[in-house]
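> One letter stands for each residue in the lines below.
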Amino acid sequence: MTGRGKLIAVIGDEDTCTGFLLGGIGELNKNRKPNFLVVEKDTSITEIEETFKSFLARTDIGIILINQFIAEMIRHAIDAHMQSIPAVLEIPSKEHPYDASKDSILRRAKGMFSAEDFR
Amino acid sequence: MGLDPASLRLDQQLLDFMDQLEMLEEKRQKLNTLIEEGWFNISKARYSMGNKQVSALQYASEMEPLVHVYASQSEKGEAEFKCERINGKAEELKESDTVETIGPAEGGLRRRVNVKKKENKDEKDTSKDQSEKEPQFNSKGEKSPCQHQDPLNWFGILVPQNLKQAQAAFKEVIALAAEISTLQSAIVKTRLEMQTQMKDKQKIVSELKE
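One line per chain: the protein sequences are A and B, in this order. Using full-length UniProt numbering, you'd call the opening residue of the first sequence number 1 and step up by one each time. Using full-length UniProt numbering, you'd call the opening residue of the second sequence number 1 and step up by one each time.
Hints are computed from structural coordinates only; laboratory data are not their basis. We treat Cβ as the ideally placed atom computed from N, Cα and C, and that holds for glycine. Heads up, a few of these hints could be off.
Unchecked claim - As a list, the in silico DSS-like pairs of lysine-lysine whose alpha-carbon atoms are at most 27 Å apart:
#1 B:76 with A:53
#2 A:94 with B:164
#3 B:189 with A:102
#4 A:41 with B:44
#5 B:201 with B:76
#6 A:53 with B:82
#7 A:30 with A:94
#8 B:52 with A:41
#9 A:94 with B:44
#10 A:33 with B:52
#11 A:33 with A:53
#12 A:102 with B:27
#13 A:53 with B:189
#14 B:82 with A:33
#15 B:164 with B:30
#16 B:82 with B:27
#17 A:53 with A:102
#18 A:94 with B:52
#19 B:82 with B:189
#20 A:94 with B:27
#21 A:102 with B:30
#22 B:30 with B:201
#23 B:30 with A:94
#24 B:44 with B:27
#25 B:52 with B:164
#26 B:27 with B:189
#27 B:82 with A:30
#28 B:82 with B:164
Said to hold, decoys possible - Partial selection, computed: residues in chain B whose CB lies under 10 Å from chain A:
#29 54
#30 64
#31 70
#32 86
My request is simple: use the sequences and hints to build the entire structure.
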């Protein structure tokens, strides 16, 4: 518990980001880079992916919260992330309820009980 | 002969794994309901304040995080996340202190009628002292408001109760998110351990067959 703690980053729709920023996770660092991305209709997938990768590369971020429907857009990038820090947490969004079968962590866990494992 | 202990270990790990998944499911459900509650309150606040009053446009240009996560990794590779919130109340008290100290420093007792020269001199001396002290007060006072400002103030001074309720819900969500992240990391770790155990067991089985 020594030193400065890490941040929580959010990639989500406007209401999700507003809620979490109300909770007090928002930060604008010295380079004016925020730890959140408000995804709107015109936000491109490449922009989301780049932001996600930049969050992964930042050492001051401990947890990345991402709306599940946005996570679906960049599933390959999320599946490729194997480290435990930063942790990636998929959360529901207003229009898309949480589906456990889409969650990367639970899919990995489910994959363990394939027919091959029981041979 | 060597199969039994390996199988027992595997069974135990499987039970632990199931417990962890059950806990994750519970916490996930709680997180989802809290987030929904938060959105509902944001929508209510938007309804009472106006459509564009609760949006990304109101975010402050300067932001300081009020929550930090302490991440530690065990030797096994399991990550543990602990959420720590900067005490808002302490900050508010400091700010209110500065507001209170400004009053008496600027105002105080004023003498309006027939003041003697000697007293004037004394007053000048004291005013000099005060003027020397004042900038120190200001320099202290300037720092506190911009740092750790309550995000509720971005949306106005008198915000509806719903927005405060939304904030409370999301605060809980943040604490829960740290717990879920810890649990997820533990699940991934158990899964890896079980896979290696399974391979070991298969080796033993194949050896026994031979």
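> Going back to the hint list, which numbers does this structure go against?
Violated hints: 7, 22; rest satisfied.
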